[in-house]
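Protein chains: 2
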Amino acid sequence: MSSENLQVLLAERPVGWVEPRHFTLQRAPVPSPGEGEVLVRNRWLSLDPYMRGRMSDAKSYAEPVALGAVMVGGTAGEVVESRDPALRPGDKVVGMLGWQRFGCVPARALMKVDDSRVPLQAWLGPLGMPGVTAWYGLNRICEPQPGQTVVVTAASGAVGSVVGQLAKARGCRVVGVAGGAAKCDYVRGELGFDACVDYKAGRLGEDLKAALPDGADCLFENVGGEIFDRLLGLMRPFGRIALCGMISDYNATEPYAMRNVRAVLVQRLKMQGFIVSEHMELWPQALRELGAMAAAGSLRWRESVAEGLERAPEAFIDMLRGGNFGKQLVRVD
Amino acid sequence: MSSENLQVLLAERPVGWVEPRHFTLQRAPVPSPGEGEVLVRNRWLSLDPYMRGRMSDAKSYAEPVALGAVMVGGTAGEVVESRDPALRPGDKVVGMLGWQRFGCVPARALMKVDDSRVPLQAWLGPLGMPGVTAWYGLNRICEPQPGQTVVVTAASGAVGSVVGQLAKARGCRVVGVAGGAAKCDYVRGELGFDACVDYKAGRLGEDLKAALPDGADCLFENVGGEIFDRLLGLMRPFGRIALCGMISDYNATEPYAMRNVRAVLVQRLKMQGFIVSEHMELWPQALRELGAMAAAGSLRWRESVAEGLERAPEAFIDMLRGGNFGKQLVRVD
Chain A
1 MSSENLQVLL AERPVGWVEP RHFTLQRAPV PSPGEGEVLV RNRWLSLDPY
51 MRGRMSDAKS YAEPVALGAV MVGGTAGEVV ESRDPALRPG DKVVGMLGWQ
101 RFGCVPARAL MKVDDSRVPL QAWLGPLGMP GVTAWYGLNR ICEPQPGQTV
151 VVTAASGAVG SVVGQLAKAR GCRVVGVAGG AAKCDYVRGE LGFDACVDYK
201 AGRLGEDLKA ALPDGADCLF ENVGGEIFDR LLGLMRPFGR IALCGMISDY
251 NATEPYAMRN VRAVLVQRLK MQGFIVSEHM ELWPQALREL GAMAAAGSLR
301 WRESVAEGLE RAPEAFIDML RGGNFGKQLV RVD
Chain B
1 MSSENLQVLL AERPVGWVEP RHFTLQRAPV PSPGEGEVLV RNRWLSLDPY
51 MRGRMSDAKS YAEPVALGAV MVGGTAGEVV ESRDPALRPG DKVVGMLGWQ
101 RFGCVPARAL MKVDDSRVPL QAWLGPLGMP GVTAWYGLNR ICEPQPGQTV
151 VVTAASGAVG SVVGQLAKAR GCRVVGVAGG AAKCDYVRGE LGFDACVDYK
201 AGRLGEDLKA ALPDGADCLF ENVGGEIFDR LLGLMRPFGR IALCGMISDY
251 NATEPYAMRN VRAVLVQRLK MQGFIVSEHM ELWPQALREL GAMAAAGSLR
301 WRESVAEGLE RAPEAFIDML RGGNFGKQLV RVD
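Going down the list, the sequences are from chains A and B. Counting from 1, one number per residue, gives the positions in the first sequence under the numbering used here. Counting from 1, one number per residue, gives the positions in the second sequence under the numbering used here.
It cannot be assumed that every hint is accurate.
[Claimed, not checked] Derived pair list, reagent style DSSO-like, types lysine-lysine, alpha-carbon separation capped at 27 Å: (1) Lys-59(A) x Lys-168(A); (2) Lys-200(A) x Lys-168(A); (3) Lys-59(B) x Lys-270(B); (4) Lys-59(A) x Lys-270(B); (5) Lys-168(A) x Lys-270(B); (6) Lys-270(A) x Lys-209(A); (7) Lys-270(B) x Lys-270(A); (8) Lys-112(A) x Lys-92(A); (9) Lys-168(B) x Lys-270(A); (10) Lys-112(B) x Lys-92(B); (11) Lys-168(B) x Lys-209(B); (12) Lys-209(A) x Lys-59(B); (13) Lys-270(A) x Lys-59(A); (14) Lys-209(B) x Lys-59(A); (15) Lys-59(B) x Lys-270(A).
Hints in this document: simulated from the structure, not taken from any laboratory.
Given the sequences, and given the hints that come with them, work out the whole structure.
In structure tokens, the structure reads:
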């Protein structure tokens, strides 16, 4: 086991696209836990679009990462040393320890998880923040009825793949939007969506209309931009839109100008933005349902794994451009 | 009493701004009521922005008016002849008899009203569709708490003026947006709003920020376009937006391109469009509350009256350009 800590720090705030120079790699001593704290060795780091927002100091729902500080991020790992009776060395835990090999946090900031029935890193994906995000937006905002049509963007991703599978389990017709034939094949073939539109195929408007001949009752929106705008124009009366992400805007210097907002009025839509971490009280219920599906083998997911913390910046940059296929993880060496 | 009917028909579908040539004036015999029907002489016609939508055959929530048909519209008048025991000659009634002097409809399509404590035409304004629209959007979508900030556009208008007064009665800070110093003076002085921004003053961005130094918890949106887009950027976390109208778009050939939709995500907003006629079950409750306020003198409103049905087209066109000041009515001669 490595005896030194490795950390990725925020070196510079990006304007537009993120580049490797916005990060610095730093070696440091392994920290010691204080009273009530736990030293964790991270095995997996989750890379997520929200991190782009934390790199910026623009007005947002969360404090930005300070320059020179360790990048924020969800992690799964094991307890090395504990100064709290609630956790013991060897326990598997998830938390928000950031882009580093070792971290010390109070025990109450960690959730002990069971990796006997699902792999440890599933607690960062379908059984973690992305899975609960999917569960919350679908169940609390979209509220689809059996037989209704649900459309989800970034459909092969960590959130979108769970949204679609939950909606199928509820008896909905489910249409995905994803980038490229391989992702669309996966969304239809492996995840069981009824249809998937490849937004890179160059016929976005026609293809969306063909996949949604009667429009959509629910939209779970992860992408923003032109795709979102076109889907707004395809919503059915009284449709619900869970606005979960607008990744296409995160790296743009100018926001995409939306032309179909009038549909919210004309079709009497409800559109709601949400951040799943503000609804922690629902995590136990969501994880019970998702965990049961995962253990039964009826929840599928896919991972993109970058090997080694040094590769986290490039993997993150690639993900922002849609280069990942499934949940983006870093295996922390 | 005139013995001939006068009607305004839709002659042509407008593209962009409405013009007088889109209407035709027609004289016709007074119709006779069939069994169960009532002949009404209209005294007042309400002019409302939604009518612009009915002139178009673009996809919307309501059927368009047919070419050559009488323009749709809310009316207040008196029963001339009744073939239903529920109504008698002389009864005052409101209904949707359209842009005409006389109309026959089933008695059940009319609401008998009391004009002893409020003038008859109030049933087309604060006690009619505009008032109930204000009541519904504020109470069922915005749900402001005492001390919160509510901003309303078209603040001197039939809907906006009621929204602001209801919100003040709930203990909110209320900011209006209106066009011109006279309307803003009225909104502050007569209606009692805390502040009013004149969107014609040429400093829209700065003036909105100054009137909303801590942002807005609720937005009641009647206008759309640049004002709506800027207000989106001033919403506080968990804000609610009742999307009631986008009059600035109705006559544009291209919809306004919205740049701040991302605020729905970043600030976790709820935005909902609605059409008050789809919530008829709430009219009795709304009218009880609004009627009590009106009878007590604690609900103020203002009217713009066009004299004679012949003037309805020009008054409607003027209203679409913001030329009216308060509820736009036509006194039917």
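Q: Enumerate the violated hints, using their earlier numbering and listing them in ascending order.
A: 1
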